[in-house]
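Visitor: Residues per chain, in single letters:
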Amino acid sequence: MLTAILALTLLALIFGLLLGYASVKFKVEGDPIVEQIDKLLPQTQCGQCSYAGCRPYAEAIAAGEADINRCPPGGEATILALADLLDVEPKPLDEEVGTEKPKMLAVIDEDRCIGCTLCIQACPVDAILGAAKHMHTVIADECTGCELCIAPCPVDCIDMVRTTPNPTTWRWPDPEHITLQEKIEEEQA
Amino acid sequence: MTQQQLGSFPGGLKLPGHKKRSTQLPIRRMPISKRLVLPLQQHIGEAAVPIVEVGEKVLKGQRIARAEGHVSVCLHAPTSGVIKAIADHQVPHPSGLTAPCVMIETDGEDRWIERNPVPDFRSLSSHEIRQRVREAGIVGLGGAGFPSFIKLNPGVRHHVETLLINGAECEPYITCDDMIMRERAAGIIEGIEIMMFALRAKECVIAIEDNKPESISAMRFALTANKALSETTRIVIIPTKYPTGGEKQLIQVITGKEVPSKGLPIDIGIVCHNPGTAYAVGRAIRHGEPLLSRIVTVTGTDVTHAGNFETLFGTPIRELLEFCETKRQPDEPFIMGGPMMGYNLSGDDLPITKTSNCILAGVDEVAIASQPLPCIRCGECAVACPASLLPQQLYWYSRSKEFDKTEEYNLFDCIECGCCDYVCPSKIPLVSYFRFAKTEIMNQERERRKSDIARERHENRLARQERERVEKEERQKQRKAALAASKAAQKKAENTEAESTTEAAAVKEDN
Chain A
1 MLTAILALTL LALIFGLLLG YASVKFKVEG DPIVEQIDKL LPQTQCGQCS YAGCRPYAEA
61 IAAGEADINR CPPGGEATIL ALADLLDVEP KPLDEEVGTE KPKMLAVIDE DRCIGCTLCI
121 QACPVDAILG AAKHMHTVIA DECTGCELCI APCPVDCIDM VRTTPNPTTW RWPDPEHITL
181 QEKIEEEQA
Chain B
1 MTQQQLGSFP GGLKLPGHKK RSTQLPIRRM PISKRLVLPL QQHIGEAAVP IVEVGEKVLK
61 GQRIARAEGH VSVCLHAPTS GVIKAIADHQ VPHPSGLTAP CVMIETDGED RWIERNPVPD
121 FRSLSSHEIR QRVREAGIVG LGGAGFPSFI KLNPGVRHHV ETLLINGAEC EPYITCDDMI
181 MRERAAGIIE GIEIMMFALR AKECVIAIED NKPESISAMR FALTANKALS ETTRIVIIPT
241 KYPTGGEKQL IQVITGKEVP SKGLPIDIGI VCHNPGTAYA VGRAIRHGEP LLSRIVTVTG
301 TDVTHAGNFE TLFGTPIREL LEFCETKRQP DEPFIMGGPM MGYNLSGDDL PITKTSNCIL
361 AGVDEVAIAS QPLPCIRCGE CAVACPASLL PQQLYWYSRS KEFDKTEEYN LFDCIECGCC
421 DYVCPSKIPL VSYFRFAKTE IMNQERERRK SDIARERHEN RLARQERERV EKEERQKQRK
481 AALAASKAAQ KKAENTEAES TTEAAAVKED N
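Protein chains in written order, with my numbering: chain A, 1 to 189; chain B, 1 to 511.
Hints are not guaranteed to be accurate.
[Claimed, not checked] A few chain A residues that face chain B, going by a derived Cβ cut-off under 10 Å, partial list only:
| hint | residue |
| --- | --- |
| 1 | P42 |
| 2 | R55 |
| 3 | L80 |
| 4 | C116 |
| 5 | P124 |
| 6 | D126 |
| 7 | T164 |
| 8 | P167 |
| 9 | T169 |
| 10 | W170 |
| 11 | W172 |
| 12 | D174 |
Calculated directly from the structure, the hints in this document are not laboratory data. By construction, the Cβ of each residue, glycine as well, lies at the ideal position given by its N, Cα and C atoms.
Go ahead and model the full structure; you've got the sequences and the hints to work with.
Guide: Structure representation (structure tokens):
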């Protein structure tokens with residue numbers, strides 16, 4: 001009886017020490033799941049999900065506070081990827097936050113720009129160049145199309161335009177869509 | 001010449017050639033068009049950058065755009081004339097999109113710029129030859145348009161054993177390689193000699209399909225005239241089978257070795273070039289002529305006078321078709337390339353580019369365009385696939401957009417030869433699915449790279465804002481401290497003043 005108690009106590013002590021040591025030695029810095037979720041998000045930093053950016057949204061998903069269907073720029077592809085990563089059922093995009101749109105690009109009408117720098121302050125990825133009382137311009141390659149610069153502009157000189165593919169970035173159409181379209185046309189005819 | 005045992009590749013098809021129609025007449029020269037449209041990107045890689053201005057007079061062979069970045073080549077004026085515009089114009093691409101082009105109004109004089117021929121190429125170093133080939137704007141003329149100078153590098157990591165000249169030309173209807181081998185064999189041999197020298201290759205194999213006996217005898221004749229080269233070079237006659245002309249398939253036939261998945265022929269010591277490219281290299285080095293034209297096959301059931309035409313780049317395809325007299329209506333679509341791998345184009349203003357090997361108007365056996373039926377998983381496509389892939393699985397995953405799965409099934413080893421389409425009893429357009437999946441994956445990769453940059457820029461911005469906030473607080477603290485210090489000093493001064501007055505009063509009182 002006594003030996004048994006002693007042996008178990010001893011074992012408990014050893015394992016306790018082992019676990020305590022391991023928790024210090026192999027401590028994981030940060031939350032890797034947040035990183036993984038953040039990687040799947042489109043990094044537009046647009047805040048349409050009601051969080052301050054992609055990373056805060058990733059943290060909220062990881063904490064179970066937010067649903068995976070709140071990212072309109074990412075759309076269906078992002079929802080599917082998140083569902084796959086987190087092993088949950090995919091669901092359609094939450095209409096409350098917006099709808100999936102084609103990729104857009106901000107363009108400043110340089111004749112109308114008064115050089116107020118408000119859009120520069122709003123841009124989450126520093127994609128607008130310019131100085132006070134000097135014309136501003138968007139670095140097209142860095143613009144994520146988040147639309148955050150639209151609202152602050154006092155003279156309404158920023159437009160969102162659809163990005164057009166060139167022969168290198170062009171994609172072959174989905175044959176499934178083509179056959180569907182043909183079917184619809186056939187039915188109409 | 002010893003006949004070696006030939007290897008073979010899995011799958012493939014025996015297709016009717018339809019090549020007689022366009023080989024009845026010798027290569028003819030297409031008259032100079034009034035207006036040439038030259039896309040700045042006629043090759044794989046970075047587009048060339050124009051170095052001429054609108055209104056400038058240019059001579060034949062004058063450089064009008066320079067290479068940008070490593071994977072790029074120069075572009076030249078195909079004839080003398082005036083630069084009319086540098087603007088977007090529709091280019092021969094399956095998308096039908098426009099791209100930046102240089103437009104030249106020709107003067108009909110065809111006046112050359114001063115050429116710089118090198119009669120003895122051995123006086124040049126391997127590097128100088130590559131540089132000249134790049135300056136001459138030479139790209140693979142088989143159809144892909146990869147800058148040729150890169151494939152003339154003997155390299156540091158690899159050693160080139162064999163230079164393989166791909167004269168298979170396996171796709172039905174196309175005969176431009178056949179005709180150039182028949183008529184310009186000596187020029188091709190000249191180019192091969194230079195390529196061998198630049199690559200320091202041990203041997204050269206010229207592979208020609210057995211349905212081109214005229215080419216075989218012409219090349220043999222030209223080779224025997226060059227004693228030194230004929231010791232290291234042999235002509236190998238290969239059976240006619242589609243797609244033997246695929247680079248990896250041809251290597252399997254000639255050497256029995258397989259190019260590893262995601263690898264390049266150079267990994268197994270082989271470099272593969274098209275006979276037209278070899279001819280262009282010869283012209284560039286020996287005669288100082290940049291690449292200004294190519295042989296284009298114009299054929300098909302709608303073409304009355306089919307044949308091969310030496311055509312300046314930028315010539316409108318419409319003029320070429322008119323020259324051959326076709327039954328086709330204006331703006332009716334035609335095929336760029338062959339019936340298996342080509343793509344439909346419409347728009348009569350499209351120009352001939354470095355990669356336009358064949359214009360096909362009307363094919364003999366028109367596949368009945370019908371709604372595809374469901375896949376019955378018969379496996380015919382897997383039997384026909386020359387790359388040993390499983391098209392039925394790739395179709396399944398491409399359709400359901402499970403792109404990571406398609407990559408697991410080696411989607412990128414698909415050469416889009418169309419054998420699976422041809423044999424499919426359900427008439428499923430398999431290659432369309434694979435092309436769709438490939439460009440989707442490439443797009444995802446591009447987006448991922450872009451979002452990584454956006455994340456970095458956003459994080460840098462947050463860090464900068466944080467730093468600015470801390471600095472501001474620091475400054476405020478300092479200012480507060482300074483203020484407090486100055487206040488204290490003032491107080492002290494007041495105190496001492498008060499003390500001194502009281503002291504003085506005390507002294508007074510004492511007195």
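Visitor: When the structure is checked against the list of hints, which entries are broken? Sort them ascending.
Guide: When the structure is compared with the hints, only number 4 turns out to be violated.
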